[in-house]
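J.: Now for the letters of each chain:
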Amino acid sequence: MTKPNTFRGGPDERGHFGIFGGRYVAETLMPLILEVERAYTAAKTDARFEAEFAYYLKHYAGRPSPLYFAESLTNHFGGAKVYFKRDELNHTGSHKINNCLGQILLARRMGKRRIIAETGAGQHGVAVATVCALFNLPCVVYMGSKDIARQAPNVFRMKLLGAEVRTVENGSKSLKDAMNDALRDWVSNVESTFYIIGTVAGPHPYPAMVRDFQSVIGREVRDQMMEAEGRLPDTLVACIGGGSNAMGLFHPFLDDPDVAMYGVEAAGRGIETGEHAASLTGGEPGVLHGNRTYLLQDDDGQILEAHSISAGLDYPGIGPEHSWLHEIQRVQYVAATDAEALEAFQLCCRQEGIIPALEPAHALAHVGRIAPELPADHILVMNMCGRGDKDVFTVAESLGVEL
Amino acid sequence: MNRQPDSGRIVNRFQQLKQENRGGLVTFVTAGDPDGETSLAILQGLPDAGADVIELGMPFTDPMADGPAIQAAGQRALKAGQTMNKTLAMVREFRAGDDRTPVILMGYYNPIYHYGVDAFLKDALAAGADGLIIVDLPPEEDEELCLPALAAGMNFIRLATPTTDEARLPAVLSNTNGFVYYISITGITGTRSADLADLEQAVARLRRHTDLPIAIGFGIKTPEQAGAIARTADAAVVGSALVSHIADGLDADGRATAGLVDDVLAFVRELADGVRRAAEKADA
Numbered sequence: 001m002t003k004p005n006t007f008r009g010g011p012d013e014r015g016h017f018g019i020f021g022g023r024y025v026a027e028t029l030m031p032l033i034l035e036v037e038r039a040y041t042a043a044k045t046d047a048r049f050e051a052e053f054a055y056y057l058k059h060y061a062g063r064p065s066p067l068y069f070a071e072s073l074t075n076h077f078g079g080a081k082v083y084f085k086r087d088e089l090n091h092t093g094s095h096k097i098n099n100c101l102g103q104i105l106l107a108r109r110m111g112k113r114r115i116i117a118e119t120g121a122g123q124h125g126v127a128v129a130t131v132c133a134l135f136n137l138p139c140v141v142y143m144g145s146k147d148i149a150r151q152a153p154n155v156f157r158m159k160l161l162g163a164e165v166r167t168v169e170n171g172s173k174s175l176k177d178a179m180n181d182a183l184r185d186w187v188s189n190v191e192s193t194f195y196i197i198g199t200v201a202g203p204h205p206y207p208a209m210v211r212d213f214q215s216v217i218g219r220e221v222r223d224q225m226m227e228a229e230g231r232l233p234d235t236l237v238a239c240i241g242g243g244s245n246a247m248g249l250f251h252p253f254l255d256d257p258d259v260a261m262y263g264v265e266a267a268g269r270g271i272e273t274g275e276h277a278a279s280l281t282g283g284e285p286g287v288l289h290g291n292r293t294y295l296l297q298d299d300d301g302q303i304l305e306a307h308s309i310s311a312g313l314d315y316p317g318i319g320p321e322h323s324w325l326h327e328i329q330r331v332q333y334v335a336a337t338d339a340e341a342l343e344a345f346q347l348c349c350r351q352e353g354i355i356p357a358l359e360p361a362h363a364l365a366h367v368g369r370i371a372p373e374l375p376a377d378h379i380l381v382m383n384m385c386g387r388g389d390k391d392v393f394t395v396a397e398s399l400g401v402e403l
Numbered sequence: 001m002n003r004q005p006d007s008g009r010i011v012n013r014f015q016q017l018k019q020e021n022r023g024g025l026v027t028f029v030t031a032g033d034p035d036g037e038t039s040l041a042i043l044q045g046l047p048d049a050g051a052d053v054i055e056l057g058m059p060f061t062d063p064m065a066d067g068p069a070i071q072a073a074g075q076r077a078l079k080a081g082q083t084m085n086k087t088l089a090m091v092r093e094f095r096a097g098d099d100r101t102p103v104i105l106m107g108y109y110n111p112i113y114h115y116g117v118d119a120f121l122k123d124a125l126a127a128g129a130d131g132l133i134i135v136d137l138p139p140e141e142d143e144e145l146c147l148p149a150l151a152a153g154m155n156f157i158r159l160a161t162p163t164t165d166e167a168r169l170p171a172v173l174s175n176t177n178g179f180v181y182y183i184s185i186t187g188i189t190g191t192r193s194a195d196l197a198d199l200e201q202a203v204a205r206l207r208r209h210t211d212l213p214i215a216i217g218f219g220i221k222t223p224e225q226a227g228a229i230a231r232t233a234d235a236a237v238v239g240s241a242l243v244s245h246i247a248d249g250l251d252a253d254g255r256a257t258a259g260l261v262d263d264v265l266a267f268v269r270e271l272a273d274g275v276r277r278a279a280e281k282a283d284a
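As you go down the protein sequences, you meet chains A and B in turn. When we follow this note's numbering, the leftmost residue of the first sequence carries the number 1, and every step to the right adds one. When we follow this note's numbering, the leftmost residue of the second sequence carries the number 1, and every step to the right adds one.
Keep in mind that the hints were calculated from the coordinates and are not lab data. As the structure is a prediction and not an experimental result, all values here were calculated from the model. Positions of the beta carbon are idealized from the N, C-alpha and C atoms, including for glycine. One should not assume that every hint holds.
[Claimed, not checked] Chain B is nowhere near these chain A residues, computed Cβ spacing over 12 Å in every case:
(1) L232
(2) L295
(3) E327
[As the list claims (entries may be wrong)] In silico SDA-like pairs for lysine to any residue, Cα to Cα no more than 20 Å straight-line:
(4) B:K122 x A:D300
(5) A:K112 x B:D165
(6) A:K112 x A:A149
Produce the complete structure using the sequences and hints provided.
T.: Structure, rendered in structure tokens:
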């Protein structure tokens, strides 16, 4: 496969990253998708929109998030210098707020009066409920009943923020089916409603738009690392469900050939067991939720249920740009199991005094694999994309502790 | 583009309806619901019960445009082991006993993409399918399946909706044949019903852009509604209401009861009578 001149030029005007992406939606939604695309294209070249977005990122979300030298873990691993991008310190506790602020400002520009969203771990749902409270817009969040049971604190947070949480009982009862129901809502309320998709997936322009809103993460890392070390990092590591935190970290570095990147998928109980959520490692290309991408599917093209201890990674697909970066081998995609993530979770608590979300605990598990083998002057940045308060019940249960 | 001739069954059927001076009844059932044998029996009984065109759903795990009734039908079929091969085999068996009733395969793109577009078109045509309705392939993605289908002699039926505006209609109505499927509401299958006055306007709008027959679906539940709509357009599509009759005929373990096939076909007969009565009333 020939290498493009730039890895940052996608998607094309029809929303394709190589063969991935596109706009595979019902006709009812198509005019609205085109309207979102037009509105976003206009907004991103509008200085007022940019200023408004920057204002809320700084004063409401608390950006820039720190770039923190994790000295204790660095010593523990005994190799590369490990930095954390502290996106768990954002308002609402994860990187999700970046994208939600961008999309709700766009929804307001478009005159939409109602917001819907899907959520897995509840981090995106909480961030959507938060910006809806901020801008006084009614908010409906679709969430699988399996996730509602394992993410009770986030469900209550959403309700406190005034959102209506609708339980999804179909299929896998998790993120995939929440997205199906959100799309059904959108088809039914197309005039009034804006759908804030939480990850770099869905029909064009969502993958590119969410990436752009999340790219603040990588841009800050560039500046902060220049300040801290006087040079760019050597390696970036981020966990991947749909892949928005990873895309946000990676994208500003894609054209820096000396920066290596690892996306860490959820291997669940192990790729070989079939109970995992690693679409790139264990799936193949298909079409779901408006885009062509790698999907977990059976021999008949039916979508398989994903499994991960982390509700935020429990999705059988991945953003289309990741599928492309995988095929052209610009980013290496690896996987970490539930057990490895749990171990990294506890290590991070003890070594750094940071309770990570189970999602970035997957990324940390991979850092633990590669950091010891790298020299002391190798600089590695891991995106600490969420905090772990929401996961304490899941972790306690896995460790056999009754709360 | 070089196009193979299509089967002609759709054109012939709508011409016949015109000669009979009535609208048509299009019925939707999901292939393999609630099991392969029962589903085939329903399929084979549909023409005699009065179905003019048959839409056969290819079940998919994630039917994003469907309401609870058709979602459940797809899940029943998949649970009973339905596959694309079995769906095509059903069409083949049906076609062995009926060479005139058009069969339209309806569903979502991924199972076809996974099967392989060229292989699917070849096998579906060989089985005797006449057309495709693929919910998640708008004209923006015509190169995927629409153009190869037309080239191979498979009708590609397009969905138009209340949100398809004047500017978009020409794109939606290009690269299509057979008939146009007008979705009467902005919503999912089996939920709200549209106002007849709105539909009359919508049909008039479509007729300004196309000579193809127009079928209307979504939210048509009764013989009276089917009759009124078949008179407004060229055909009425009934899906969720029919599939709900299948659900009603299951025992507590989800198995088909003895009377299920007869009950479903009796309902189709009522719908067909509704369509025919409406035509007579219009003549009077």
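J.: Please go over all the hints and tell whether each is borne out by the structure.
T.: Results for each hint:
1. L232: Its Cβ never comes within 12 Å of chain B, the nearest being 38 Å, so this holds.
2. L295: 8 Å, violated
3. E327: Holds, since 17 Å exceeds 12 Å.
4. B:K122 x A:D300: 17 Å, holds
5. A:K112 x B:D165: 19 Å, holds
6. A:K112 x A:A149: 31 Å, violated
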